[in-house]
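Undergrad: Just so you know, the sequences run in chain order A and B. Residue 200 in our numbering sits at position 200 of the first sequence; the count goes up by one each step and never skips. Residue 748 in our numbering sits at position 189 of the second sequence; the count goes up by one each step and never skips.
Simulated from the structure, these hints should not be mistaken for laboratory data. Small disclaimer: the values here were computed from a predicted structure and weren't measured. A few of these clues could be false.
[What the hints assert, rightly or not] Once the Cα atoms are required to be at most 27 Å apart in a straight line, the calculated DSS-like pairs of lysine-lysine come out as:
hint	chain 1	residue 1	chain 2	residue 2
1	B	K578	A	K538
2	B	K573	A	K544
3	B	K568	B	K715
4	A	K462	A	K284
5	A	K538	B	K568
6	B	K573	A	K538
7	B	K715	B	K573
8	A	K545	B	K573
9	B	K568	A	K544
10	A	K538	A	K462
11	B	K743	B	K715
12	A	K545	B	K715
13	A	K558	A	K545
14	A	K544	B	K578
15	A	K545	B	K578
16	B	K568	B	K743
17	A	K558	A	K538
18	A	K284	A	K39
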Amino acid sequence: MDGAAGDDEFADYTGHHDAGFEGVEEPAQPVIPSAAELKRQINDWRRGRATRNLWEAFSDAYIAVIAALMIGGALVNVVFRAQRVVAQCTSEACLSARTVLPWAAFALAVALALAVSRLFGPVLASAAEGFWLLDTPVRRARLLGPRLVAALVVALVVGALVGAAVTALTGGSVLAIAVWSSGTALAAMAAVSCAAAQQGGERDRMTQIAGYLFWVLGLAALVTVIGIAAGWFSLGLSADLDAEIGLAVVAVAAVILAVSLVLAVLRLGRIRRVRLVSGGALVKGISGAFFALDFGLARDIVVARRAVAVGQVTPRRGHGLGRQALVWREWQRLRRFPQPLFVLAATLIVPYACDALGMSTLTPVVAALALFGASIQLLGGLRVLTRTGGLARCLPFSLAQLKISAVTVPAIVVAIWAVLTVPAYLGFGDGAATHPASEAGLMAIATAAAGLLAAIRWTQAKGPDFSAPMISTPSGAFPPGLMSNVFRGFDVCLIATAPMLLGFSPMWSLAICAIAALILLNSMDAESLRARQAEQQKELERAKKQRAAAAATERQRKR
Amino acid sequence: MAKRTTVLKVTGLKRAFGKNTIFDRFNLEVRAGEAIALTGRNGAGKSTLLRCLVGADRPDDGSVEVLGTPMSETSPEIRRNVATVIDDLDFFPDLSVVEHLDLLARAHGLENPDRMVDEVLDEVQLVPQSGQLPGTLSSGQRRRLALATAFVRPRKLLIMDEPEQRLDTEGVSWLSGRLQTERKSGLAIVFASHEPSLVDSVATRVVTLGAPR
Numbered sequence: 001m002d003g004a005a006g007d008d009e010f011a012d013y014t015g016h017h018d019a020g021f022e023g024v025e026e027p028a029q030p031v032i033p034s035a036a037e038l039k040r041q042i043n044d045w046r047r048g049r050a051t052r053n054l055w056e057a058f059s060d061a062y063i064a065v066i067a068a069l070m071i072g073g074a075l076v077n078v079v080f081r082a083q084r085v086v087a088q089c090t091s092e093a094c095l096s097a098r099t100v101l102p103w104a105a106f107a108l109a110v111a112l113a114l115a116v117s118r119l120f121g122p123v124l125a126s127a128a129e130g131f132w133l134l135d136t137p138v139r140r141a142r143l144l145g146p147r148l149v150a151a152l153v154v155a156l157v158v159g160a161l162v163g164a165a166v167t168a169l170t171g172g173s174v175l176a177i178a179v180w181s182s183g184t185a186l187a188a189m190a191a192v193s194c195a196a197a198q199q200g201g202e203r204d205r206m207t208q209i210a211g212y213l214f215w216v217l218g219l220a221a222l223v224t225v226i227g228i229a230a231g232w233f234s235l236g237l238s239a240d241l242d243a244e245i246g247l248a249v250v251a252v253a254a255v256i257l258a259v260s261l262v263l264a265v266l267r268l269g270r271i272r273r274v275r276l277v278s279g280g281a282l283v284k285g286i287s288g289a290f291f292a293l294d295f296g297l298a299r300d301i302v303v304a305r306r307a308v309a310v311g312q313v314t315p316r317r318g319h320g321l322g323r324q325a326l327v328w329r330e331w332q333r334l335r336r337f338p339q340p341l342f343v344l345a346a347t348l349i350v351p352y353a354c355d356a357l358g359m360s361t362l363t364p365v366v367a368a369l370a371l372f373g374a375s376i377q378l379l380g381g382l383r384v385l386t387r388t389g390g391l392a393r394c395l396p397f398s399l400a401q402l403k404i405s406a407v408t409v410p411a412i413v414v415a416i417w418a419v420l421t422v423p424a425y426l427g428f429g430d431g432a433a434t435h436p437a438s439e440a441g442l443m444a445i446a447t448a449a450a451g452l453l454a455a456i457r458w459t460q461a462k463g464p465d466f467s468a469p470m471i472s473t474p475s476g477a478f479p480p481g482l483m484s485n486v487f488r489g490f491d492v493c494l495i496a497t498a499p500m501l502l503g504f505s506p507m508w509s510l511a512i513c514a515i516a517a518l519i520l521l522n523s524m525d526a527e528s529l530r531a532r533q534a535e536q537q538k539e540l541e542r543a544k545k546q547r548a549a550a551a552a553t554e555r556q557r558k559r
Numbered sequence: 560m561a562k563r564t565t566v567l568k569v570t571g572l573k574r575a576f577g578k579n580t581i582f583d584r585f586n587l588e589v590r591a592g593e594a595i596a597l598t599g600r601n602g603a604g605k606s607t608l609l610r611c612l613v614g615a616d617r618p619d620d621g622s623v624e625v626l627g628t629p630m631s632e633t634s635p636e637i638r639r640n641v642a643t644v645i646d647d648l649d650f651f652p653d654l655s656v657v658e659h660l661d662l663l664a665r666a667h668g669l670e671n672p673d674r675m676v677d678e679v680l681d682e683v684q685l686v687p688q689s690g691q692l693p694g695t696l697s698s699g700q701r702r703r704l705a706l707a708t709a710f711v712r713p714r715k716l717l718i719m720d721e722p723e724q725r726l727d728t729e730g731v732s733w734l735s736g737r738l739q740t741e742r743k744s745g746l747a748i749v750f751a752s753h754e755p756s757l758v759d760s761v762a763t764r765v766v767t768l769g770a771p772r
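Turn these sequences into a full structure, and let the hints guide you.
TA: In structure tokens, the structure reads:
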């Protein structure tokens with residue numbers, strides 16, 4: 001290539017024709033666009049690529065939208081009808097629930113907001129934004145402002161719904177519903193805002209401590225409901241005083257929100273990119289798992305994230321040989337990270353609360369559902385051993401042996417849970433249904449077994465198989481098993497506790513649990529059954545080929 | 560000299576995805592002390608074949624036997640005899656590196672698990688990371704841990720899919736030496752590899768899959 005021509009090309013490209021030092025002009029300072037201009041440009045590109053407008057998208061999704069509206073309407077109707085019914089109850093249990101349960105909802109909503117904020121950020125950015133936008137000299141605070149607002153709006157909506165639903169379901173007045181709905185919403189927003197302020201200061205200790213504190217407060221409120229229902233003590237709060245306290249809560253939450261919001265906004269530009277992007281990656285992973293209705297995967301992502309945050313542990317020596325070593329490691333894992341035990345302990349309140357609230361008939365199913373949710377955290381070992389098969393292949397045990405070993409420690413813990421819930425079935429609080437000691441014991445065991453087995457079923461769920469033939473539905477093609485993942489676990493809870501709900505002997509529930517255990521803990525899961533079926537099919541085809549070959553030989557011989 | 564035991568026998572193995580046949584009528588016999596290297600271009604079916612050999616994938620036809628027992632991934636006897644290093648190895652997120660190895664050694668009933676774990680940990684150079692949780696390891700360290708899981712337990716057949724992946728030069732050299740020692744001590748080895756030095760130094764036979772380039 002001709003050198004001069006090449007230089008000319010370069011000169012044209014850069015816009016500089018004079019290569020001499022004397023004539024060199026100072027390069028013009030690049031004009032940095034504002035965050036708003038940048039976003040406008042990105043939106044223009046996005047709109048340019050859009051193939052449907054908003055109305056067309058709505059037309060396509062009308063079934064989902066109408067279904068959501070119908071279900072939402074039905075739920076609101078149920079809540080209002082329940083509110084009217086429960087508002088007429090004037091027993092000590094109902095009054096205590098009406099006074100204290102909104103407090104519990106308030107505390108637990110704040111705790112949840114803090115925990116979620118700490119997990120995700122709460123301010124976050126996608127990897128693409130991290131790479132293309134956050135690395136530019138554009139003002140980062142302006143870019144991230146809408147993210148903080150989005151997080152606050154989510155907290156507002158969820159907090160308001162939780163506060164309103166709990167107050168309505170306990171028979172609170174319209175004023176109480178309005179007060180607690182506002183209070184819970186503002187407090188949840190304040191929690192998110194405080195977490196954002198901490199994020200900007202590269203700290204999260206206060207968020208963590210506040211989170212634990214609110215969990216404890218929430219549980220204490222729940223225990224108070226039970227205590228009052230059981231007649232251990234009385235709060236002596238009137239409805240008017242309760243509303244006044246609620247208004248004070250609204251005021252305090254508003255002040256904390258205002259102060260923390262100012263801090264959070266001031267610190268927005270200081271949040272490191274790595275923290276923003278890691279939250280975005282987590283959301284991306286979890287949302288992908290949720291789109292596939294693979295809730296197990298969503299949980300795996302969160303668990304892996306927590307483990308990475310811990311990073312290092314003090315190694316502990318194992319104990320025993322063979323399966324004993326596996327059981328011992330499960331115990332050690334639980335001792336190392338005992339949080340699941342606290343959650344499980346918290347669910348002990350559920351059967352007592354049901355009794356205290358006069359819902360004794362529903363105690364088994366509600367308690368089993370609560371235990372189901374809490375037990376999932378205990379079954380981390382089972383999850384790892386069954387999700388890919390890679391680790392299980394390294395261990396010299398059958399699948400059934402592996403599952404039983406992984407479940408032994410959780411089963412012992414749940415058995416203790418069952419023993420501690422027996423008094424709830426014996427009859428607890430005013431108006432609770434009473435049962436003889438033997439029946440109460442069996443009910444407690446059956447309920448605990450239902451909850452644990454539901455968690456075992458949930459834990460062993462495989463993600464949907466997108467390579468299998470799809471099922472045609474009005475909403476498009478679905479892989480088989482996609483929708484059943486939604487009900488996984490809940491089905492075991494409901495079927496196993498149905499006999500107790502219908503007033504039959506708990507022995508029926510125990511029999512159902514025994515059958516479920518045989519299926520879930522043996523090698524009789526769906527995958528193994530499919531494998532066996534495929535193996536049998538292969539055998540049949542092989543036999544058919546042999547028969548055909550033999551017949552052909554026979555014909556040949558006859559000729 | 561006594562005839563060596565047949566550890567792995569593969570007869571008429573076939574695997575196809577739809578109309579695309581990956582391999583058909585594949586036969587292989589591996590005796591104790593033999594090392595078979597599977598080579599071939601990307602997509603030739605090396606990993607699929609190995610997955611069929613360890614029971615992670617189901618062949619469409621044919622049979623796989625390990626020491627006379629038909630391959631079944633769920634059989635404790637097969638799991639006791641076959642150590643594998645393929646890509647689907649999972650880890651407990653809350654158990655440290657050394658605890659994983661300790662668990663495996665104990666689960667396989669080793670009388671002196673501590674000594675074996677220390678030796679292997681030292682060999683794969685993961686002693687400084689022994690207390691780390693697997694999620695914090697680099698990809699190379701995770702590979703070393705995966706290899707360690709195969710060496711910390713008793714085994715008669717070792718199946719590995721590209722064991723050199725993500726290892727540094729020193730790591731590949733160590734692996735080569737270790738596999739030679741394993742082979743000489745009577746272990747049967749089947750491995751897929753793209754690393755000529757590893758294939759040359761370890762394999763007693765080379766099987767090339769797929770059409771040549």
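Undergrad: Decide, hint by hint, whether the structure agrees.
TA: Each hint, compared with the structure:
1. B:K578 / A:K538: With Cα atoms ~18 Å apart, K578 of chain B and K538 of chain A stay inside 27 Å; holds.
2. B:K573 / A:K544: Given pair K573 of chain B, K544 of chain A holds - Cα atoms ~18 Å apart, limit 27 Å.
3. B:K568 / B:K715: holds (13 Å)
4. A:K462 / A:K284: Roughly 20 Å between the alpha carbons, so the hint for K462 of chain A and K284 of chain A holds.
5. A:K538 / B:K568: The hint holds at about 19 Å.
6. B:K573 / A:K538: Holds, at roughly 12 Å.
7. B:K715 / B:K573: holds (25 Å)
8. A:K545 / B:K573: Holds, at about 16 Å.
9. B:K568 / A:K544: This hinted pair holds, its Cα atoms lying about 24 Å apart.
10. A:K538 / A:K462: Holds, at roughly 24 Å.
11. B:K743 / B:K715: holds (12 Å)
12. A:K545 / B:K715: Roughly 35 Å between the alpha carbons, so the hint for K545 of chain A and K715 of chain B is violated.
13. A:K558 / A:K545: Measuring from Cα to Cα gives roughly 20 Å; hence the hint holds.
14. A:K544 / B:K578: Holds, because 22 Å separates the two Cα atoms, which is no more than 27 Å.
15. A:K545 / B:K578: holds (20 Å)
16. B:K568 / B:K743: Given pair K568 of chain B, K743 of chain B holds - Cα atoms ~20 Å apart, limit 27 Å.
17. A:K558 / A:K538: violated (30 Å)
18. A:K284 / A:K39: This hinted pair holds, its Cα atoms lying about 21 Å apart.
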